[in-house]
Amino acid sequence: MATGGGQQARPTRPSSFSRVSSSSFSPASSSSTSTSLPPGVRIGANGAAFVSSGIPDLDRILGGGFLVRSVVMVMEDADAPHHLLLLRNFMSQGIVHGQSVLFAGPTKEPRSFLGTLPSPVVQKEGLKIKHDVSDVQDKEKGLRIAWQYKKYFGELTAVDSHNRDKKQEYSSDFDLRKPLERQLLNSQNIECISTQDAFDLSKLQNHCLTFVSKLSLKDGINSNAGRIAIQSLCAPQCGYFEKDWDMLSFIRSLRATVQSSNAVAVITFPASVLSNSISKRWQHLADTLLSVRAIPDEDKDLAKLLTGYQDMLGFLHVHKVAQFNSQVPVILDASTYSLKLQKRKSLVLERLNQAPVEGSSGVSYATSGSCSSSKGSLLDF
Amino acid sequence: MAEGLIVRSLRDGSLPGEHAPALCLEDSLPSPLASHSHAVFRHLLTSLLSTGTGTAVVLVAFHRSPSFYLSLLSPTFHNSIRLLDCYSDPLAWKPNHHPPPPSHSPQNITLLTNLNHLPHFLSSILHLAKDLGAQGHERVTVAIDSVTHMLRHAPLPSVLQLLTNLRCHEKISSLFWLIHTDLHEPKVISSFEYISTMIASLQPIVQLPDYANANISASITSLEENYSKAKFNLRLKRRNGRVKLLCEELLIEQGSVKFSSVPSVSSVVAQNLIPKVQFNIQLSDKERMDRANVVLPFEHQGNGQNIEIYDGRRSLSESQNDPSSIKIGGLSEQKRSNNNKSEKGEIHYIRDSDDEQPDSDEDPDDDLDI
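First to last, the sequence lines map onto chains A and B.
UniProt numbering puts the first sequence at residues 1 to 381.
UniProt numbering puts the second sequence at residues 1 to 370.
One chain only, chain A, in its complex shape (with noise of 0.2 Å):
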């Protein structure tokens, strides 16, 4: 539940079966402690240390952001650069938040891609969020609601206003369409290297150990979180494709050093060009595994079935989101989101929804209905 600042926080519940409500987790000692996390950390739940996606819909799915120490995997689709969005996002919010970042990828010119990254939207209605939520607050306090019950009233009973500030630092709206600011591209704690000529990854591993070096070489306490962010790690274009077993030591080897560090690494990888094997082994490396699919264009069947499939870029499924600390597996209430652009301009990920059935047509209901169900699909939740 949200606690004020200078409360003790009380336990969250270990029965708390879903994390789609921020309220449910509340930040420990948040301003006493709060000086001495370095830019862009949070604490979340169980005294775990997250930083954002870039994207607030998909930080608040996994319960706070991408774990620190921990690696986040993402299976590419071979028709759709989706992709390539989680990671501009990621990026972005790293620079903004001034955390080194470190990026490879298959290309000749991997800095090129620096210059697709989106800026953050300017905040206007700073001042307008403030005053909703002290209203918020206010209700509250007159109506006392059982805690199982809060997460059906959405995000408006969420944080307070001192957690909504920090909230806005924490995780930003990225303006796709915007490019980042050139001076924040030109600061020294951006590398970027190409994977593509690479016959083996010893350059890729040694690059990653000195980045995480350079991290821990400023003040203790006070050390920067790093991302780095590899894209298409198994491309077929790389040298080192056929070197399934290389390519795993290598990422066991980035776990390894990323957990002995204050470093989140996202790689992004096409499964479907691996055996399957071997896609399972990559699979199961990863902390935290997201995957996204594209969806067929003008497809009568899925325009039927689903609202908003004109605004729909592709769908994101989560299949594995990171724990720390803590026994209880994350149950999310649903697994595969939508991804869209809202207002052409801002990420966002929303739940799948049917489409209301036409009256006419009555039979659609019953027979999407019961397709849906016999033909069983994997991605149930």
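Derived from the structure by calculation, the hints contain no laboratory data.
Note that the coordinates shown come from a computational prediction; the quantities given were computed from them, not determined experimentally.
From the three backbone atoms N, C-alpha and C, an ideal C-beta is built for every residue, glycine too.
Take these hints with a grain of salt, some might be off.
[As the list claims (entries may be wrong)] When the alpha-carbon atoms are kept at most 30 Å apart in a straight line, the in silico BS3-like pairs for lysine-lysine are as follows: (1) 304(A) - 187(B); (2) 231(B) - 320(A); (3) 187(B) - 243(A).
[Unchecked claim] Computed Cβ-Cβ distance ranges for the label pairs, DEER-style: (4) 246(A) - 8(B): 37 to 47 Å; (5) 155(B) - 39(A): 44 to 54 Å; (6) 186(B) - 197(A): 47 to 57 Å; (7) 345(A) - 170(B): 27 to 37 Å; (8) 130(B) - 300(A): 40 to 50 Å; (9) 88(B) - 285(A): 43 to 53 Å; (10) 88(B) - 199(A): 25 to 35 Å; (11) 170(B) - 205(A): 31 to 41 Å.
[Unchecked claim] Under 8 Å between C-beta atoms, here's a sample of chain A residues computed to sit facing chain B: (12) 78; (13) 198; (14) 238; (15) 241; (16) 242; (17) 270; (18) 297; (19) 354.
Use these hints to put chain B onto chain A, whose structure you have.
Relative to chain A, chain B alone:
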């Protein structure tokens, strides 16, 4: 329509900042006479060349001799095509170089023998492309007869690097290749699909019968159809990140290829892609405001006004003031206007008996105004 889409996309090339469009044409054994895909390949070649004066093709011939291709095309197009001959002597077995070509053989064939060395290969293709560019053709398409043959000589990552470099190069506007899916592992095929923007494959119209089961005789005769028709599946990766799936019928008549659309194909993609979805019962802000504005036929609207019921005998307020007095019949006309009535209709509610307190037949808590 599929053919039109392909030809248009290959002809138009790429937008600045994008890689060139690439078509991966897949060939497989079940579609009989593997030459079907080759027929499509040839068809694409001829349609590209015949669409305009601007397009030129660099053809890398592994599978057939270059003269075969030249004989396919009418002489008017011989200027717009350059052939890289990888068919005659791929392994450099002939110790001497070819004698200089006789005068009647066209000058647009270049012999390549060192296929192991892919950078040399790449530079030969680019050299030919520059040649064509110098002649005034703005758009150069590279066609590779069979990537399967290339994979015999060079490892997969280098072949893919070559194709990616071709896609990035500014002189090349599009490229397409043929690959035999049965001769490679699935991950090889999916790697080629990964770097291409269009994937076309042929499937037989009539599936091969399952010899283990009965009923062979009926289906064997219909197998004849496979020799003239095939199903053409096309998967297009669009710029907006979506995939366009098309399925058409291919007719091969007397060496020429015709496409016709099949209307009855439905995609079963939806069921595999999404989980069971539920209706969205949350209200958007606008919907919430609309709901708040609806006037409800209750006694209290929750906005502080105390509305009286049309009692028929007496009103609430009057009964409070004067509990003992009884008013018979009509009350003043004003009392009749109450919220039980909408503007258009009227609800007349006559209580059954005098003894009943107002609202006794309803939940007394109804009027609670929280």
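Going through the hints against the structure:
no., hint, verdict
1, 304(A) - 187(B), "violated (34 Å)"
2, 231(B) - 320(A), "violated (39 Å)"
3, 187(B) - 243(A), "holds (13 Å)"
4, 246(A) - 8(B): 37 to 47 Å, "holds (42 Å)"
5, 155(B) - 39(A): 44 to 54 Å, "holds (46 Å)"
6, 186(B) - 197(A): 47 to 57 Å, "violated (26 Å)"
7, 345(A) - 170(B): 27 to 37 Å, "holds (31 Å)"
8, 130(B) - 300(A): 40 to 50 Å, "holds (47 Å)"
9, 88(B) - 285(A): 43 to 53 Å, "holds (48 Å)"
10, 88(B) - 199(A): 25 to 35 Å, "holds (32 Å)"
11, 170(B) - 205(A): 31 to 41 Å, "holds (34 Å)"
12, 78, "holds (5 Å)"
13, 198, "violated (10 Å)"
14, 238, "holds (6 Å)"
15, 241, "holds (4 Å)"
16, 242, "holds (7 Å)"
17, 270, "holds (6 Å)"
18, 297, "holds (4 Å)"
19, 354, "holds (5 Å)"
Checked against the numbered hints above, the structure violates hints 1, 2, 6, 13; every other hint is satisfied.
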